[in-house]
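Trainee: Sequence:
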Amino acid sequence: MQIYDISTPLSKETSRYKGDPPFRLRYVSQVEKGAPFSLSSISMSSHTGTHVDAPSHFISGSPTVETLSLERLIGPAYVQNVGPMVIDSTALNSFQIPPNTRRLLIKTNTEFAKSHPGIGLTVDGAKWLLKNNVQLVGIDQLSIEPNNHNDYIVHTTLLKAGVVIVEGLALNHVPEGTYELYCLPLKIMGAEGAPARAILVDTKS
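Residue numbers (the working numbering): 67 to 271.
It is worth saying that the hints were derived from the structure and are not from the lab. Don't take every hint at face value.
As the list claims (entries may be wrong) - Subject to a maximum C-alpha distance of 25 angstroms in a straight line, what follows is the list of computed DSS-like cross-link-like pairs (lysine-lysine):
(1) Lys270 / Lys84
(2) Lys253 / Lys226
(3) Lys270 / Lys226
(4) Lys78 / Lys99
(5) Lys78 / Lys253
(6) Lys193 / Lys226
As the list claims (entries may be wrong) - Beta-carbon label-pair distances, calculated as ranges:
(7) Ile108 / Ser160: 38 to 46 angstroms
(8) Asp190 / Tyr93: 42 to 50 angstroms
(9) Ile163 / Lys226: 31 to 39 angstroms
(10) Asp86 / Arg168: 27 to 35 angstroms
(11) Phe161 / Ile140: 20 to 28 angstroms
(12) Pro150 / Ile254: 30 to 38 angstroms
(13) Asn238 / Ile163: 13 to 21 angstroms
(14) Ile254 / Ser106: 25 to 33 angstroms
(15) Ser128 / Asn175: 28 to 36 angstroms
Nothing here was measured: the structure is a model prediction, and the numbers come from that model. All C-beta atoms in this analysis are idealised placements derived from N, C-alpha and C, irrespective of residue type, glycine included.
Build out the structure end to end from the sequences listed, making use of the hints.
Mentor: Below you can see the structure in the form of structure tokens.
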């Protein structure tokens, strides 16, 4: 069995979506400075690093992150290596994605979308996911859709249909194939999203 950690490390160097506050770690007390224990405080956006989007991220009155089904966040997932490209239905049809894939992780082999504004899922690609009953989609980018798109139609199309979106994955070291996904967002009551620790388990190795 091999375990792949597909979570982006959090630090002050962690890239963030435009307008999001940076990650900050501040020690309130430290044993190195004579305190009886070390204690730190953390400040960041709920969409920093690897994170899960809840429907309320874009849709008023819709479910928040603590209500998301754990059954959708845990289970078989397929990692599809697409490379740096626009991901539409034509591209998705060209890949050998196994039938009945319910969790699809998109590997673009790029560090962050801000350096490649055309990379991401199109509305056409989002509709392909719905047609094929994909329940969770993840990507190794800051956003599921190209950051030169400001209408957020991809997000709303997926979230309205109940598809879980996971962004900020670290997939460069993961070969294409099928794995067991465990992606657990923090249980923050009333939040529109939350950081998550995500791993893939290859039970065949």
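Trainee: Verify the proposed pairing of Lys253 with Lys226, using a straight-line Cα cut of 25 angstroms.
Mentor: At roughly 21 angstroms apart (the allowed maximum being 25 angstroms), Lys226 and Lys253 satisfy the hint.
Trainee: Does the Cβ pair Asn238, Ile163 satisfy 13 to 21 angstroms?
Mentor: Holds, at about 20 angstroms.
Trainee: Okay, Asp86 versus Arg168 on CB: inside 27 to 35 angstroms?
Mentor: 29 angstroms, holds
Trainee: Regarding Pro150 and Ile254, is the given constraint of 30 to 38 angstroms on their beta-carbon distance met?
Mentor: 33 angstroms, holds
Trainee: Mind checking the hinted window 38 to 46 angstroms against the Cβ distance between Ile108 and Ser160?
Mentor: With Cβ atoms ~42 angstroms apart, the hint holds.
Trainee: Hinted pair, alpha-carbon criterion (25 angstroms max): Lys78, Lys99. Please report holds or violated.
Mentor: Distance ~22 angstroms between Lys78 and Lys99 Cα, so the pair holds.
Trainee: Take a look at whether the Cβ-Cβ distance between Ile254 and Ser106 falls inside 25 to 33 angstroms.
Mentor: Given about 18 angstroms between the Cβ atoms, the range is violated.
Trainee: Can you confirm whether the C-alpha distance between Lys270 and Lys226 stays at or below 25 angstroms?
Mentor: 35 angstroms, violated
Trainee: Just to be careful, I want the Cα atoms of Lys193 and Lys226 compared with a cutoff of 25 angstroms; is the pair within it?
Mentor: Holds. Lys193 to Lys226 sits at ~12 angstroms (cutoff 25 angstroms).
Trainee: Is it true that Asp190 and Tyr93 lie within 42 to 50 angstroms of each other by Cβ?
Mentor: Between Asp190 and Tyr93, where Cβ atoms are some 48 angstroms apart, the hint holds.
Trainee: Is the straight-line distance between the alpha-carbon of Lys270 and that of Lys84 25 angstroms or less?
Mentor: With Cα atoms ~40 angstroms apart, Lys270 and Lys84 exceed 25 angstroms; violated.
Trainee: Is the hinted pair Lys78 and Lys253 satisfied, with a Cα-Cα distance of at most 25 angstroms?
Mentor: Holds. Lys78 to Lys253 sits at ~23 angstroms (cutoff 25 angstroms).
Of the numbered hints given earlier, the model fails hints 1, 3, 9 and 14; all others are met.
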